[in-house]
Amino acid sequence: MNTRLAKILLFLIVALSFFLRVYKVSSIPPALNWDETSIAYNAYSILKTGKDEWGQFMPLHFKSFGEYKLPAQIYASIPGIAIFGLNEIGVRITPVIYGVLTVLLLYFLLEEAFKIRPVSLMAAFLLAVSPWHIQLTRASFESSFALFWIVMAMWFLIKGLKKKRWLLVSMLPFAVSVYTYNSARVFTPLFLFFIAVLYREYFWKMKKWFLLSGILLFILLIPLAPFVLSGEAGARYKLVSITDEKGLVPRINERRGASTLPGIFPRLVHNKATYLSFYFAKNYLAHFTPNFLFIKGAGHKQHHVQGVGELYWIQAPFLLLGLYYLLKKRERSLKILLPWLFLAFVPVAMTNDSTPNALRTLIAVPVYQIFTALGVYYLFKKVKNRKKTYTVLGIAVVAFLVNFSIYLKDYYIEYPVKYSRDWQYGNKQVVEYIKDNQDKYDLITFTRHYGEPHVFTLFYLKYDPSEFQNSPNLDRFETYDWVRVLRFDKYYFPDLGDVGTQYQDVINANPGKKILFIGKPGDFPAYITKLKEIYFLNGEKAFEITQN
764 MNTRLAKILL FLIVALSFFL RVYKVSSIPP ALNWDETSIA YNAYSILKTG
814 KDEWGQFMPL HFKSFGEYKL PAQIYASIPG IAIFGLNEIG VRITPVIYGV
864 LTVLLLYFLL EEAFKIRPVS LMAAFLLAVS PWHIQLTRAS FESSFALFWI
914 VMAMWFLIKG LKKKRWLLVS MLPFAVSVYT YNSARVFTPL FLFFIAVLYR
964 EYFWKMKKWF LLSGILLFIL LIPLAPFVLS GEAGARYKLV SITDEKGLVP
1014 RINERRGAST LPGIFPRLVH NKATYLSFYF AKNYLAHFTP NFLFIKGAGH
1064 KQHHVQGVGE LYWIQAPFLL LGLYYLLKKR ERSLKILLPW LFLAFVPVAM
1114 TNDSTPNALR TLIAVPVYQI FTALGVYYLF KKVKNRKKTY TVLGIAVVAF
1164 LVNFSIYLKD YYIEYPVKYS RDWQYGNKQV VEYIKDNQDK YDLITFTRHY
1214 GEPHVFTLFY LKYDPSEFQN SPNLDRFETY DWVRVLRFDK YYFPDLGDVG
1264 TQYQDVINAN PGKKILFIGK PGDFPAYITK LKEIYFLNGE KAFEITQN
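Going from the sequence shown to the numbering used here is simple: count from 1 and add 763.
Keep in mind that the hints are not guaranteed to be accurate.
As the list claims (entries may be wrong) - Restraint-style ranges between C-beta atoms, simulated for each label pair:
#, residue 1, residue 2, range
1, Ile846, Phe820, 21 to 31 Å
2, Thr1023, Thr1152, 52 to 62 Å
3, Val960, Arg1030, 29 to 39 Å
4, Val991, Arg1093, 31 to 41 Å
5, Lys1064, Lys770, 32 to 42 Å
6, Tyr786, Leu810, 22 to 32 Å
7, Lys970, Phe1051, 13 to 23 Å
8, Leu823, Thr1023, 50 to 60 Å
Stated by the list, open to error - As a list, the in silico DSSO-like pairs of lysine-lysine whose alpha-carbon atoms are at most 27 Å apart:
#, residue 1, residue 2
9, Lys1064, Lys1098
10, Lys1145, Lys1092
11, Lys1276, Lys1253
12, Lys926, Lys814
13, Lys770, Lys925
14, Lys1225, Lys811
15, Lys1293, Lys1283
16, Lys1064, Lys1092
17, Lys1064, Lys826
18, Lys878, Lys1092
19, Lys787, Lys1059
20, Lys811, Lys1191
21, Lys1203, Lys787
22, Lys1191, Lys1059
23, Lys787, Lys922
24, Lys770, Lys878
25, Lys1098, Lys925
26, Lys1225, Lys1203
27, Lys1253, Lys814
28, Lys1277, Lys1198
29, Lys1198, Lys1293
30, Lys1198, Lys922
31, Lys1253, Lys1283
32, Lys922, Lys878
33, Lys1092, Lys1147
34, Lys814, Lys878
35, Lys811, Lys1253
Hints were generated in silico from the structure; no laboratory data involved. C-beta atoms are modelled at their ideal positions from N, C-alpha and C, and glycine is treated no differently.
Based on the sequences and whatever the hints tell you, model everything.
Structure below.
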């Protein structure tokens, strides 16, 4: 393939990638979720004050809801918010841009690894149209930003196996990935360890560069040490780990009690070692099933269009063919591609929720596209009868277009309507009503039944970060695994379904005050007149707004 044609095709692929990610991005997904608004408001707070919502100056970890968000996504969001404002496009333009750049980086990576332009272009195209990747680069997800840095690092690493100085350069994006997403904190050191072992003979010959690279990576990660040593590093892990003591011990005891084995055998069979090993293997292997990869995909509704595989089913035969091709050739690139693929699922196997999980395993996506592209290439190379080859590929193209069309219809038409509730739709509409009417009221009570209403209030009101940080009545409270804001300024966020914070309780606690109430259906007596009702996009009622 000549250079001019390759450049044209690459441009078209990048343009398609951009279109698929930016088209209606402010309304599909149908709303900003609380993580997106938290990331954006903290970026806005840094932009305006240099401090996060907790008043910490330029932190490396953002406490947010108590899960300590990593810094890269938040700082990277600042330019988009500075240019477009604190709104949907300001938040989501950042993942759109680095999502498109990831497609371009994958092309460069394969050009360096294989120098087969059709393979490079095919893999880039497959990533551009990947349901897995599109879903997680149209909203502000940290995992897709980590993937951007990892693909860049892989490109530099492959260059480093030929030109030593690039090995040193590759440590920069590898280090940034660790500051981006928790899965990368496990994947990156594990991957580099395996690479050091697999390429030990090569690295021994260039031990000076290998040592310098290790020292550079160590220096870049030093800022993490205080956080790790403080014990706060486990805050997020405690929420999702299979080693969670509150659930682990009771589950083991339950299995021992139900066992019919004699003597000490229940203890030998049901213990921490066997339990953790079983669930790690179960979680890990769940990501290699046809159901996850090609038929239904992940179950988490924010992370994937339901009923469509993470990969197009037509990829399956070519994916296997590409892997067979590399194994047959004993291709050296397998020393990178196989650890990349298999280690990508280790972090999620250590968790106890949402398995299989598309978000935490996004790191694996490029490898599947590479194997598929190589499979198509191998078919061309192996089958000498061009008529048969073109027939097979023609059928595959038609099947892909059908698969792709179904996905586009599902995502851009049906998905926003079916799953608006899962995206916390309605909070924006509530806050817009608050903004237009708040001067009439002494107190605004906004239910936290659906999640974190304070962050939507801050975001959509564009509330001054310095005023929030220094609000004299700012009231936060911590539960076992979360931090909630109960009130600030004249905004109050109880669960109106709880005893003591119900409609009449709030009125009794605030005599003489005119109060605006926002609650879920059923929070208010039937005789109360509703000022406004807000509905999810599927027609189900989300919020009721009333007053005392």
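Structure-based check of all given hints:
The hinted window of 21 to 31 Å between Ile846 and Phe820 holds, with their beta carbons roughly 24 Å apart. Between Thr1023 and Thr1152, the C-beta spacing of about 59 Å keeps the proposed range 52 to 62 Å intact. Against the hinted window of 29 to 39 Å, the Cβ-Cβ separation of Val960 and Arg1030 comes to about 36 Å, which satisfies the hint. Distance hint for Val991 and Arg1093: a CB-CB separation of about 40 Å, consistent with the stated range 31 to 41 Å.
Our hint of 32 to 42 Å for Lys1064 and Lys770 holds, since their Cβ atoms are close to 39 Å apart. Remark: the range hint 22 to 32 Å for Tyr786 to Leu810 is upheld by a beta-carbon distance near 27 Å. Range check, Lys970 to Phe1051: Cβ separation about 37 Å, and the 13 to 23 Å hint is violated. Taking 50 to 60 Å as the suggested C-beta distance range, the pair Leu823 and Thr1023 conforms, at roughly 52 Å.
A threshold of 27 Å between alpha carbons decides the hint, and for Lys1064 with Lys1098 the separation of about 34 Å lies outside it, so the pair is violated. Taking the CA atoms of Lys1145 and Lys1092, the gap is near 13 Å; set against the 27 Å cutoff, the hint holds. Distance restraint check for Lys1276 and Lys1253: the Cα-Cα separation of roughly 11 Å lies within the 27 Å cut-off, and the hinted pair is therefore satisfied. For the given pair, Lys926 sits about 41 Å from Lys814 by alpha-carbon distance, which is inconsistent with the 27 Å threshold.
Distance restraint check for Lys770 and Lys925: the Cα-Cα separation of roughly 25 Å lies within the 27 Å cut-off, and the hinted pair is therefore satisfied. For the hint linking Lys1225 to Lys811, the alpha-carbon distance of about 11 Å falls within 27 Å, and the restraint holds. For the given pair, Lys1293 sits about 12 Å from Lys1283 by alpha-carbon distance, which is consistent with the 27 Å threshold. For the hint linking Lys1064 to Lys1092, the alpha-carbon distance of about 40 Å lies beyond 27 Å, and the restraint is violated.
With a C-alpha separation of about 25 Å, the suggested pair Lys1064 and Lys826 falls inside the 27 Å cut-off, and the hint holds. A C-alpha spacing of about 16 Å is found between Lys878 and Lys1092, which places the hinted pair at or below 27 Å, so the restraint holds. The suggested pairing of Lys787 with Lys1059 holds, with an alpha-carbon distance near 24 Å, which does not exceed 27 Å. Between Lys811 and Lys1191, the direct Cα distance comes to roughly 22 Å. Compliance with the 27 Å bound is thereby established for this hinted pair.
Restraint check for Lys1203 and Lys787: not satisfied, since their Cα atoms lie roughly 35 Å apart, outside the 27 Å limit. Straight-line distance between C-alpha atoms of Lys1191 and Lys1059 comes to about 31 Å, which puts the hinted pair past the 27 Å bound. With a CA separation close to 38 Å, the supplied pair Lys787 and Lys922 exceeds the 27 Å bound. Between the alpha carbons of Lys770 and Lys878 the distance comes to roughly 14 Å, so the proposed pair stays at or under 27 Å and holds.
Between Lys1098 and Lys925 the CA atoms are separated by roughly 15 Å; this keeps the pair inside 27 Å, and the hint holds. This hinted pair checks out: Lys1225 and Lys1203 have alpha carbons roughly 19 Å apart, not beyond 27 Å. Our distance criterion of 27 Å between C-alpha atoms is met by Lys1253 and Lys814, whose separation comes to about 23 Å. For the hint pairing Lys1277 with Lys1198, the CA-to-CA distance comes to about 16 Å; that is within 27 Å, so the pair holds.
For the hint linking Lys1198 to Lys1293, the alpha-carbon distance of about 18 Å falls within 27 Å, and the restraint holds. The straight-line distance between the Cα atoms of Lys1198 and Lys922 is roughly 54 Å, outside the 27 Å bound, and the hint therefore fails. For a cut-off of 27 Å, the pair hint linking Lys1253 to Lys1283 stands: about 20 Å separates their Cα positions. Restraint check for Lys922 and Lys878: the C-alpha separation of about 12 Å stays at or below 27 Å, so the hint holds.
This hinted pair checks out: Lys1092 and Lys1147 have alpha carbons roughly 19 Å apart, not beyond 27 Å. Our distance criterion of 27 Å between C-alpha atoms is broken by Lys814 and Lys878, whose separation comes to about 46 Å. Only pairs whose Cα atoms come within 27 Å are accepted, and Lys811 paired with Lys1253 is accepted, the gap being roughly 22 Å.
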